[in-house]
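Got two chains here, each in a separate frame; can you build the complex from them with the hints?
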Amino acid sequence: GENVEQHPSTLSVQEGDSAVIKCTYSDSASNYFPWYKQELGKRPQLIIDIRSNVGEKKDQRIAVTLNKTAKHFSLHITETQPEDSAVYFCAAPPRSTLTFGKGTMLLVSP
Amino acid sequence: GAGVSQSPSNKVTEKGKDVELRCDPISGHTALYWYRQSLGQGLEFLIYFQGNSAPDKSGLPSDRFSAERTGGSVSTLTIQRTQQEDSAVYLCASSLAHGNTGELFFGEGSRLTVL
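Protein chains in written order, with our numbering: chain G, 6 to 115; chain S, 1454 to 1568.
Chain S with its partners taken away, still in its complex shape (with noise of 0.2 Å):
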């Protein structure tokens, strides 16, 4: 595609449900990012994937939180049992190569509101 693209946009649910975050990177790129960003905060990194292995996942926030990748292009981000403090805006990058060092590219991100 033409970009990152998220889904779903916006999402609501209840304390305790799990809830699914796609994110398709951009055609061709290896690396794949998730990040978090809480309201006035920065870009919180969760997990990083180059090709469908998770070399670094050093992020993530509690065993709620899980993220696979498939085929090398997408991947979906779970969180078990939601929490009020996981509302965020939870933001997918992809690069070409090993992000260290180059652009990445985001997504509009995927907003996350636990009630």
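Next up, chain G with everything else stripped away, as it sits in the complex (with noise of 0.2 Å):
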């Protein structure tokens, strides 16, 4: 089955500065990589999302890049604000759903 690593587990940053999340995954047919944002004690919800046959893909500050052949995906967040403070999940399906990696908390200091 798909194995889906994700660094870091906790990020701190300043206001305005950029964040970066990182996620290996281990099986080469995965073809959909999306981005979930899950603020707190509240239900995730799909921020972006990239397929495999494009290699960057922006939405306002935040962009995800995909690497087929190193099997990482990654999540860029620019100009941080406070309410970018939440937990993070990338994800890539196996044969018939998602599994999701472990979460990145972000925070975000004013």
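These are computed hints drawn from the structure, not numbers from a lab. This structure is a prediction, so every number in the text was calculated from the model and none was measured. Only true hints are included.
Straight-line alpha carbon distances no greater than 25 Å define the calculated PhoX-like cross-link-like pairs of lysine-lysine that follow:
{"#": "1", "chain 1": "G", "residue 1": "Lys27", "chain 2": "G", "residue 2": "Lys47"}
{"#": "2", "chain 1": "G", "residue 1": "Lys63", "chain 2": "G", "residue 2": "Lys73"}
{"#": "3", "chain 1": "G", "residue 1": "Lys107", "chain 2": "S", "residue 2": "Lys1510"}
{"#": "4", "chain 1": "G", "residue 1": "Lys47", "chain 2": "S", "residue 2": "Lys1464"}
{"#": "5", "chain 1": "G", "residue 1": "Lys73", "chain 2": "G", "residue 2": "Lys107"}
{"#": "6", "chain 1": "G", "residue 1": "Lys107", "chain 2": "G", "residue 2": "Lys42"}
Sample of chain G residues with no beta-carbon within 12 Å of chain S, all distances over it, derived:
{"#": "7", "residue": "Val25"}
{"#": "8", "residue": "Val59"}
{"#": "9", "residue": "Ala68"}
{"#": "10", "residue": "Thr74"}
{"#": "11", "residue": "Glu84"}
{"#": "12", "residue": "Val113"}
{"#": "13", "residue": "Ser114"}
To give an idea of the interface, some chain G residues facing chain S are shown, with a C-beta separation under 7 Å as derived from the structure:
{"#": "14", "residue": "Tyr37"}
{"#": "15", "residue": "Arg48"}
{"#": "16", "residue": "Pro49"}
{"#": "17", "residue": "Leu51"}
{"#": "18", "residue": "Thr102"}
{"#": "19", "residue": "Phe105"}
{"#": "20", "residue": "Lys107"}
{"#": "21", "residue": "Gly108"}
Yeah, the Cβ is synthetic: ideal placement off N, Cα and C, and Gly gets one too.
Structure below.
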């Protein structure tokens, strides 16, 4: 089955700095890589995803990059704001469903 | 409904009792998933439904756990003879089609505490 490793487990930045979270996966057949954000006490919600036919995707302050050869993908958040503070999960699909990483707690200090 | 609905939102039970957790997915979503989230942990896959059948139940931790889905809609996760290690937030998610290449819409979760 798929194995998804996510680093770091916690990340503290100052407001305005950039944050990068990286995930590696094991199944070379995986072709879809989403990122979910979970605010404290709330449900996880999709913030961005990328498919294997592109190497990068941007949406305002967030971007995801994919390196299929190395089997890793990363979430980049620029100009961080306090409301970006949350737990971020990456995921990759094995045969029928998504395997999630263990999450990264991002803390953005004002 | 407007979103995925789960009940109860909180459940406290005694060790050894059975519990049922309910998930009402977004109307029209054929795929339904159960995940478990323990304190400080990631999202642990439990079971996946496509319609009323469960093609992947590989994540169910023991035979005390079972789930069913009826009418291609509501799903129930049942935990028999609960143990303290079952304490967690149980999250349900649904998606329009096969969820491994599309967005999962999560419910707010059912927080289970086993005393």
